[in-house]
Amino acid sequence: MQHLQTSLFAFVLLLISLFPCNMQAKKKTAEGPQESDSIQLFRGVAVSYNLAGTVIRAVSDYGEIEAAARVNLRDRYFPTLEFGLGSAKHALDPISGIEAKTNAPFFRLGCDFNVLRNKHDIYRLMFGARYAMTHFTQKAYGDIVDPYWGGTLPYYAETTSTYHWAELLLALDARMWGPVRLGWSFRYKFHITGDSKDPAQQLWYIPGFGKNGNVLGATFNVTVELWRKNKR
Amino acid sequence: MKHFYFILTLLSGIILVGCSSIDCSIEGRVMCHYAIQDKNGNDVQLAYPLTVTLQREATFGDTVFINNQGGVSTLDLPMSHVGESDEIRMSIGVTYTVVVDTIETQETEYITDVVKIKKNNSPVFESIDCTPRFNHEITDVEFTRNFIDTLIINKANVTKDATSPNIIIRLRSSLD
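Sequence lines, in order, name chains H and R. For the first sequence, counting from 1, position 174 maps to 174 in our numbering; every step adds exactly one. For the second sequence, counting from 1, position 121 maps to 1121 in our numbering; every step adds exactly one.
Incorrect hints may have been included.
[Claimed, not checked] Derived DSS-like pairs: lysine-lysine, alpha-carbon spacing no greater than 25 Å straight-line: (1) H:Lys139 - H:Lys89; (2) H:Lys139 - R:Lys1160; (3) R:Lys1039 - H:Lys197; (4) H:Lys197 - R:Lys1160; (5) R:Lys1039 - R:Lys1118.
If you're looking for bench data, these hints aren't it; they were derived computationally from the structure.
Given these sequences and hints, build the entire structure.
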């Protein structure tokens, strides 16, 4: 219940933060000249870095160092490759008495679609989808007490997984300074296939996906447009 | 104003991604389930009180797990996390009346069997927040035959699943 309330609170915050940006975008659209759509297909390349993943990794047990590259097609379609390194390390838990860690690369491949009427605006509101995959090994270890038979015993559990999932996303970004853009994406993730190789070992953290069972996620991206065509 | 929304967005994203919950199963213990049957395979209750002692390493000393429990028809006994075999001593107290010079006295005779269960152990990881546990696979059983007639491995895999007995204890005819 608390989890649901927190998710709801975060979602409301996102909506509040989105609302004024949209208003400004609409205003600009209304003021700007009407442009025809006869532009060339290739409009540029941009690279981005997910700040949220790094911040989360710094303040919690898990997170991602994640970058992305995307191609701009007609300011409408944005094929995107996201890749990174997901890692988690839980220090000795005082209740369970064990530690766990995992560390592996991941990638996501997909496309975003800019839904704003004036697609050449400095703002972009996008819907997108991703296919994602990672292969990783999870290790849990520690010393545990046998409550009935006595003694402290070493515990070690290891499993591997090749995990595939998909994401649906809503993203907003805006040009801030020159080629620099800032934006966030709000994601719904769902498992496609692949699970723990050993059924007795549940997956705890999946690199790139997050904690097992958490279907919501978000990124905050700093994007630099390496090359862009401003003129038709 | 733009910075305010920037920070608001960043914060909401962090809160959203940071949501977590602890979801450990309620029945966290792995126990070996025993059922008691007569020699013909019918479920019965023991007619005499049962005492079960876990034969632990000398360092820890033996421990009484069940003490003189009457009307036992099923048992849940813990298995060692990583031991290759567990030794369990089961005693039933048979009480009878002795008459000496017209004075009746109640005396109890203990009939004891020792059960040795050989097994393989495999660690289970549920979540970092949950107490780790071990599943077991029973490979063999050895036992003495004082009140036990035979032991049957009914389900070799010992997990949290308690729907069917792992081991069936069949009693000697005289104790049915």
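Structure-based check of all given hints:
1. H:Lys139 - H:Lys89: Given that 25 Å is the threshold and the Cα spacing comes to 10 Å, the pair holds.
2. H:Lys139 - R:Lys1160: holds, 22 Å
3. R:Lys1039 - H:Lys197: This hinted pair is violated, its Cα atoms lying about 42 Å apart.
4. H:Lys197 - R:Lys1160: holds, 20 Å
5. R:Lys1039 - R:Lys1118: holds, 24 Å
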